[in-house]
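Sequence order for the protein chains is D and E.
Per our numbering, the first sequence starts with residue 1, numbered consecutively.
Per our numbering, the second sequence starts with residue 1, numbered consecutively.
Source of the hints: derived by calculation from the structure; they are not laboratory data.
Remember, it's a predicted structure, so these values are computed and weren't measured experimentally.
We treat Cβ as the ideally placed atom computed from N, Cα and C, and that holds for glycine.
A few of these clues could be false.
Have a look at the derived ranges for each label pair, beta carbon to beta carbon [what the hints assert, rightly or not]: (1) L92/D with F17/E: 45 to 55 Å; (2) Q91/D with I109/E: 33 to 43 Å; (3) L33/D with A37/E: 23 to 33 Å; (4) G96/D with T99/E: 49 to 59 Å; (5) L29/D with A44/E: 43 to 53 Å; (6) I68/D with L28/E: 20 to 30 Å; (7) G96/D with T172/E: 42 to 52 Å; (8) L29/D with A93/E: 18 to 28 Å; (9) A87/D with Q45/E: 49 to 59 Å; (10) A44/E with L33/D: 24 to 34 Å.
Computed footprint of chain E on chain D; a stretch qualifies when at least three of its residues, placed anywhere within it, have a C-beta under 8 Å from a C-beta of chain E [said to hold, decoys possible]: (11) 2-15; (12) 32-43; (13) 55-64; (14) 76-90.
If you want the building blocks of each chain, they are given just below.
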Amino acid sequence: MSTGFVFALAGAVLFSLGVAGVVLIGHLLRRILAFNLMGSGAFLVLVGLAQRQDVADPVPQAMVLTGIVVAVAATALALALVRKLHALTGQLGLPGDVDE
Amino acid sequence: MKRRVLVAFVLTLALAFVFLLAGAMLDLGPTTIDLRAPVAAHLAQSGVTHPVTAVLLNYRGYDTLLEIAVLLVALLALLAVVGDAPVPPSRAAHPVLQTLARLATPLMIVVAVYLLWAGAFRPGGAFQAGAVLAAAAVLLHLVGLQPGWSRPRLGLRIGLAAGFVLFLAVATGLLTQGSLLQYPPAAAGVLILLIESGLTVSLALILASLFLFLSREEGA
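Looking at chain E on its own, in the form it has when it is part of the complex (with noise of 0.2 Å):
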């Protein structure tokens, strides 16, 4: 009985809230601060076209570089948390999914270079690009063509933190501009060309790893 007037009071704060929010919506008046006109302003400098990829990786690049830098945070937390459990044999789909899984992955290679390419005019850009790739490794794990990972060896931690390592060289390198992440107008396009393809394989690595090595054997 006290568990049923629990759930009706919170349901009931959680339907005022709804109608509190949505009236403070309906009276939102203009913005007083009004970012797109800064943002097409700068865009021919920017490097890129596309101005959600200017916003991520020129005008606010320092969110992006602190975003790499809690997914490894993160990364390393599960890694410490799922400890050395063993890898458990991987059980083998049915044929026609394999195949359809060794057909797709190229493919979906493809599609990730070509977002990442695309970032620079169009929607698009490293995490799309990096999430196609993880979603590869996941798709060839989930048929059994691809074990689960185990303790990560040289290669794997190099991959991982590669995109953070370029990003933050880069960021640092162009201290002499005057401060952090200020791109010289001309090479800022190749550039953030250069941060996203190494973010590209190391978020795409992270994805991957936040699911293959949780889908090893409960230790205890």
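With the rest of the complex left out, here is chain D (with noise of 0.2 Å):
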């Protein structure tokens, strides 16, 4: 069991516990926050799994500093989102979500 592995079990946990959040959790701050979880996990998979063998293979780490960026702006979109929704409705949840 190498470190890349450890890295990329990490990324396995944390993906799943994005998917969970963004299935049960109906405040949308925090369900972007889970969104972003389950991207890292991603990330943490691909670059754990590139450095199986001696030397890592620098493809997988190239492609998660391109996901990196886009996952920033796509973060940033989806908060300006959040705010006009807030700004126009007062609500921070969609509407038929149940939440506790």
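Need the complex rebuilt from these two chains, each delivered in its own frame; the hints are there to steer you.
This is the structure:
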């Protein structure tokens, strides 16, 4: 069991936590955070599995670098949409969502 | 009660998924496609000596070109959503914080330039440099020295688009070489540095804009 596998395993755990969060949490800000957690998990799996052998593969690393930047932009757009929703309706959840 | 059943159900599924994925990863055979050897073999004519930079800006330059386009589109969408809300007056932070931010900003600019230059031969590059520059802008905003941005004027618009336009110009200019983004090996290093410089400026402005335009008053 190499270091890379530990990273990939942590990535799998984070991804599942994120999925559970997206499904269960109604509050949109927390749902965006959960979505980011999913993304981080996927990135960790990619870089973790890329260094299974002794020398890390640079192609997945470059892809993750690209993905991180795109994830930041997507998060900012999601936050802007949530703010607009809050400004228009005063709600921070989607209609029909059951939250505790 | 129904809610509790749902939570238990989803958490059980998530846990099962972790074990499934872990099992699959443990069971993974040797890779059938190994890109390390081709990457290393062509490193000498890629213009840079760091493999990740070579992948980002030479072998898979297409990805990076589209990435900066995606960032630009995300920012345009964000501008369309936030509209013309008024800029709140900046709240001045504690003077110690302001002084620290004033001291840190020049250092961050130096670090960004170093990261841009170092990307050719060690971890670094346009994205890291742009992120540091954007962080400097956000820092200045948080201590009240840089007010939030309202509608972008011409200078900012040019800066936001410059990286993508420069990248696209180089890509189309090289079409005479045969295919998109196929650098001549002799000029590859200079072209990559040129593209990365443009990318750094635009990325820093785009990332800072994402924050500074969002910091406006919520307009109904």
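We went through each hint and held it up to the structure:
| no. | hint | verdict |
| --- | --- | --- |
| 1 | L92/D with F17/E: 45 to 55 Å | violated, 28 Å |
| 2 | Q91/D with I109/E: 33 to 43 Å | holds, 41 Å |
| 3 | L33/D with A37/E: 23 to 33 Å | violated, 40 Å |
| 4 | G96/D with T99/E: 49 to 59 Å | holds, 50 Å |
| 5 | L29/D with A44/E: 43 to 53 Å | holds, 49 Å |
| 6 | I68/D with L28/E: 20 to 30 Å | holds, 24 Å |
| 7 | G96/D with T172/E: 42 to 52 Å | holds, 48 Å |
| 8 | L29/D with A93/E: 18 to 28 Å | holds, 24 Å |
| 9 | A87/D with Q45/E: 49 to 59 Å | holds, 54 Å |
| 10 | A44/E with L33/D: 24 to 34 Å | violated, 44 Å |
| 11 | 2-15 | holds (count 6) |
| 12 | 32-43 | violated (count 0) |
| 13 | 55-64 | holds (count 7) |
| 14 | 76-90 | holds (count 10) |
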